[in-house]
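Residue numbers (our numbering), protein chains in the order written: chain A, 1 to 131; chain B, 1 to 131.
Because the hints were derived from the structure by calculation, they are not lab data. Hints may contain errors.
Which copy? The list can't say, so a pair holds if one copy fits it or any two copies do.
In silico SDA-like links for lysine to any residue, alpha-carbon gap of 25 Å or less [claimed, not checked]:
#1 K3 / N111
#2 K65 / M27
#3 K127 / A14
#4 K65 / R54
#5 K25 / A125
#6 K3 / G80
Here the structure is a predicted model, which means the values were calculated and not measured.
Protein chains: 2
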Amino acid sequence: MEKAQTNYKVASFAGVETAGRMTFKDMLDLSGSELSVNALPAGVSVPFTHWHKRNEEVYVILSGKGQFYVDGEEFAVAQGSVIRVSPAGERCLKADATSPLLYLCIQTEANSLVQATENDGVLAASKPSWL
Amino acid sequence: MEKAQTNYKVASFAGVETAGRMTFKDMLDLSGSELSVNALPAGVSVPFTHWHKRNEEVYVILSGKGQFYVDGEEFAVAQGSVIRVSPAGERCLKADATSPLLYLCIQTEANSLVQATENDGVLAASKPSWL
């Protein structure tokens with residue numbers, strides 16, 4: 001843990017290529033999401049297909065190339081791909097034979113977001129030294 | 001939009017360095033989070049400090065180096081940094097003078113996650129062609 005104060009906490013996913021998987025819910029006291037960063041070596045697949053009871057997942061491909069599976073369909077993903085999977089979607093993914101795959105997975109309670117940033121964000125009075 | 005079916009939808013943040021900011025809530029029909037990918041050119045700051053009424057934010061630094069501000073404190077962030085900010089935290093960030101900053105921001109309703117993956121995930125019967 002690099003730093004923690006009343007309203008924030010900081011960690012890092014540096015070293016995840018060696019660790020394989022790092023999860024941040026407990027590390028950062030997340031209350032609205034579960035977040036993981038995952039590294040699949042070239043040619044390696046998540047070893048199972050799964051779905052969720054309540055949670056929506058968003059996968060963000062940070063680097064590499066792979067194949068994604070949902071409900072009997074397969075499609076290519078690559079750095080920059082962002083995939084929303086509804087709870088009932090049966091999902092799996094693998095890294096291409098010639099490329100490792102680094103990806104982030106965000107898990108949230110489906111239909112839990114009450115309002116988005118245009119109504120939820122408020123301009124603050126305090127400022128950093130550079131503004 | 002690359003692909004959409006009953007239980008999933010796919011987009012991409014490719015080109016965000018030119019666009020500056022891409023948001024995925026509407027693009028992917030996200031129901032549990034608001035997700036954006038943001039590119040700050042070297043030396044550029046988010047031009048304001050803000051806090052949130054209800055939403056927790058998680059910032060993930062995808063590449064580059066910068067400075068993060070919360071509640072009067074400033075600290076360095078870099079590729080791999082993951083920062084949780086509670087709704088009340090007054091926050092801002094900027095790219096270092098010599099480095100652009102690419103980051104992801106996840107917004108969720110604070111305290112909305114009911115259960116995490118160990119209880120929410122269920123093994124599925126269907127499998128991709130490679131398993």
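Hint-by-hint comparison with the structure:
no. : hint       : in the structure
1   : K3 / N111  : between (31 Å within a copy, 21 Å between copies)
2   : K65 / M27  : between (28 Å within a copy, 22 Å between copies)
3   : K127 / A14 : neither (29 Å within a copy, 31 Å between copies)
4   : K65 / R54  : neither (28 Å within a copy, 36 Å between copies)
5   : K25 / A125 : neither (30 Å within a copy, 28 Å between copies)
6   : K3 / G80   : between (29 Å within a copy, 14 Å between copies)
Hints 3, 4 and 5 from the list above are not met by this structure, while the remaining hints are.
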